[in-house]
Amino acid sequence: METVLSVTNAVKTFGGNKALDNVGIALRKGEWLGLLGPNGAGKTTLIRAIAGRVALDSGTITKTEMPGIVPQEIALYPKLTAAENLRCFGQLMNLRGRLLQERVDWALEFTGLADRAGDLVVTFSGGMKRRLNIACSVLHRPSVVLLDEPTVGVDPQSRQRIWEMLDRLRNEGASLLLTTHQLDEAQQICDRIVVIDHGRVIADGTLDELVRDTIGPGRRVWLTLESGGSIEGHIRDIAADLSALLGRAASTGAAIVDVRVESPTLQAVFIHLTGRELRD
Amino acid sequence: MIPTIMKISLINLSRDKVAFMMTFVLPVIFFSIFAMIFGATDTGARDNKIKVIVADREQTEVSRRFIATLKKQKVLDVAAATDESAARKQVHDGKFPVAVVILQGFSGEFGNFGSTRESVELLYDAANPIAQNAVGGLLQAAAMMAAPDILIEKGFSSMESLGAGLTPQQHRALETVKPYMRGDAASPGGRDAAEGMLRIRATDVRAGESPPEQHSMIAYYAAGIGVMFLLFSMAGAGGAFLDETESGTLERLLTTNATMSQVLIAKWLFLLLAGLMQVTLMFLWATFAFHLELFTPARLSGFAAMAVTTAAGAAAFGLVLAAACKTRAQLGGVSTIVILIMSALGGSMVPRFIMPKFMNTTALFTFNGWALDGFLKVFWYGESTATVAQTLTSLLPQLAVLSALAAVFLAVARVLARRWETV
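Chains as they are written, first to last, in numbering that gives the first Met the number 0: chain S, 0 to 279; chain B, 0 to 422.
A couple of the hints might just be wrong.
When the alpha-carbon atoms are kept at most 20 Å apart in a straight line, the in silico DMTMM-like pairs for lysine to aspartate or glutamate are as follows [as the list claims (entries may be wrong)]: (1) LYS78(S) / ASP242(B); (2) LYS78(S) / ASP82(B); (3) LYS78(S) / GLU243(B); (4) LYS78(S) / GLU250(B); (5) LYS325(B) / GLU72(S).
Calculated Cβ distances over 10 Å to all of chain B for the following chain S residues [claimed, not checked]: (6) THR63; (7) LEU224; (8) GLU231; (9) ALA267; (10) LEU277.
These are calculated hints, taken from the structure and not from any lab test.
Note that CB positions come from ideal geometry on N, CA and C, so glycine has one too.
Working from the sequences, and respecting the hints, build out all of it.
The structure is reproduced here in structure tokens:
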């Protein structure tokens with residue numbers, strides 16, 4: 000598959016601390032790549048380097064065009080209306096005239112803010128600002144979009160809407176690279192995941208590949224007994240091992256009232272890879 | 000409970016350098032500035048002399064002795080003019096607040112208590128009443144101290160003409176006393192006795208110009224207050240730069256096709272226009288509400304040139320302050336301190352002409368000082384009959400300095416703004 004963005008051997012040091020230590024990633028056309036890592040791992044530095052806001056000490060970044068960059072902050076002018084913000088950022092992206100108006104109209108529909116186009120951004124809820132924040136970055140139809148924690152601080156409904164917006168961008172052909180701490184959502188939406196820690200890429204692959212290479216494909220199983228007790232076990236093959244486990248429990252005369260099987264999660268993979276120590 | 004809350008406040012204050020400066024240092028600096036202006040300290044008393052320029056049309060021994068005595072006055076800083084018109088021009092141009100012209104016939108009238116003819120002309124700028132009145136009083140004192148021997152002789156002559164003449168013995172006694180009077184004139188009671196001894200003709204150098212003293216002070220305060228608030232507004236508006244940094248919009252701008260230099264220039268041009276409108280509004284209000292004379296070609300052109308360069312410099316000043324500060328709060332404190340001190344020293348609060356000489360020199364190191372000088376050249380010292388070319392030529396030093404300041408401020412702001420660029 001065609002690569003639309005690649006970072007090779009990226010090194011960046013801030014005051015003796017290596018924020019990026021020989022990082023290499025590649026984003027393929029139409030792919031949704033999750034960039035995960037604890038706080039201070041180097042995610043934002045990498046995003047800023049791709050955006051041209053951080054100069055690498057060494058390494059190369061290859062991109063076909065300037066990506067659309069959705070910052071972590073609500074980088075909007077609060078005393079401008081939604082439409083005015085869109086128009087201003089569109090002009091800064093060299094959109095003019097009819098094309099600009101078309102893209103502003105598209106963005107207002109895209110964000111669900113058409114009926115609030117003339118309202119000041121300062122009056123918007125956090126979720127509305129987040130949606131507009133994304134729209135301002137993709138007005139010029141970039142083929143690559145970088146998103147730095149695009150759903151931080153919004154309620155579940157707004158978050159769902161934002162994922163739908165991003166999915167729409169991907170359906171229109173964009174490739175997305177996003178950082179997030181919402182591991183459950185990253186697990187659902189990302190085609191591939193890169194885990195970065197201490198400035199290094201420590202894992203890169205699909206969820207299944209990461210599971211296989213880290214915690215393994217086994218599942219944890221909890222059996223709840225009628226007596227109030229419970230039995231916890233670990234099975235490697237759900238088809239073969241689960242019935243055996245239930246059989247062993249039944250043979251002891253215990254009455255099983257519930258069975259819970261936990262699939263391998265990205266959360267478990269992430270903790271396995273980065274450890275449990277606090278990072279900030 | 001209360002001590003703990005007080006302790007928290009104390010720690011916060013001690014760690015906030017700007018708040019600390021505004022609480023403890025700024026009041027002391029301000030007090031010191033005003034104390035020096037009004038001569039409350041030794042330094043102020045020594046330096047706070049009234050500048051006087053003297054033209055001697057008579058050129059006699061008496062007039063020269065009078066001028067010499069004038070120079071001995073501790074509160075006067077006396078300079079000599081080549082002639083009366085030169086002295087008049089110096090006052091009109093604001094170089095001196097007062098000129099003393101010794102008129103023809105001064106010696107003859109000197110000590111002539113019954114004379115109705117003026118022997119000294121005091122040329123003054125009505126906008127500076129302090130200097131005018133102070134110098135008038137000091138002239139009387141100087142007259143008494145200058146030539147007591149002549150005064151005594153004239154006094155006895157009057158007595159002789161009114162009554163009986165002196166005996167030869169009395170004449171000898173008088174001749175014996177006169178040298179002592181010449182050598183030891185400064186008797187403590189001299190000043191009181193001299194009151195009203197000289198007949199002084201006081202002339203406003205702006206007489207004939209439409210309401211002179213009123214216009215001068217209106218011009219002064221339109222410029223003084225205008226420039227001070229221009230600096231405050233520009234610093235405040237420059238703070239939008241910091242807001243953009245904090246909100247992330249600056250970062251977003253820099254990820255578009257805009258460069259930091261373009262962002263800075265755009266901000267500067269906007270601030271320049273806003274500042275220009277602010278100063279224009281101030282002077283238009285002064286014109287319509289207080290009858291300041293603005294609508295002559297010379298004044299309009301001078302005002303336009305000064306307003307543009309002042310706004311350009313103030314806008315760049317606002318940007319450099321914003322670029323030097325880390326937060327809006329820090330900018331608010333720092334700009335208040337810097338602008339208030341510059342305004343006090345530069346003459347926005349107290350007229351420069353009542354400041355001691357060294358403070359007048361200090362004013363040349365402030366933005367306000369140069370801006371005020373330029374506006375006053377247009378509205379105060381400028382002749383209403385001056386041509387556009389004359390006005391603009393006279394403004395060249397101020398325009399050059401303010402333009403240079405704008406360029407330097409912009410360059411420094413650009414260097415400081417590198418912290419927001421690619422790292």
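| Unmet hints by their number, sorted upward, for this structure | 2
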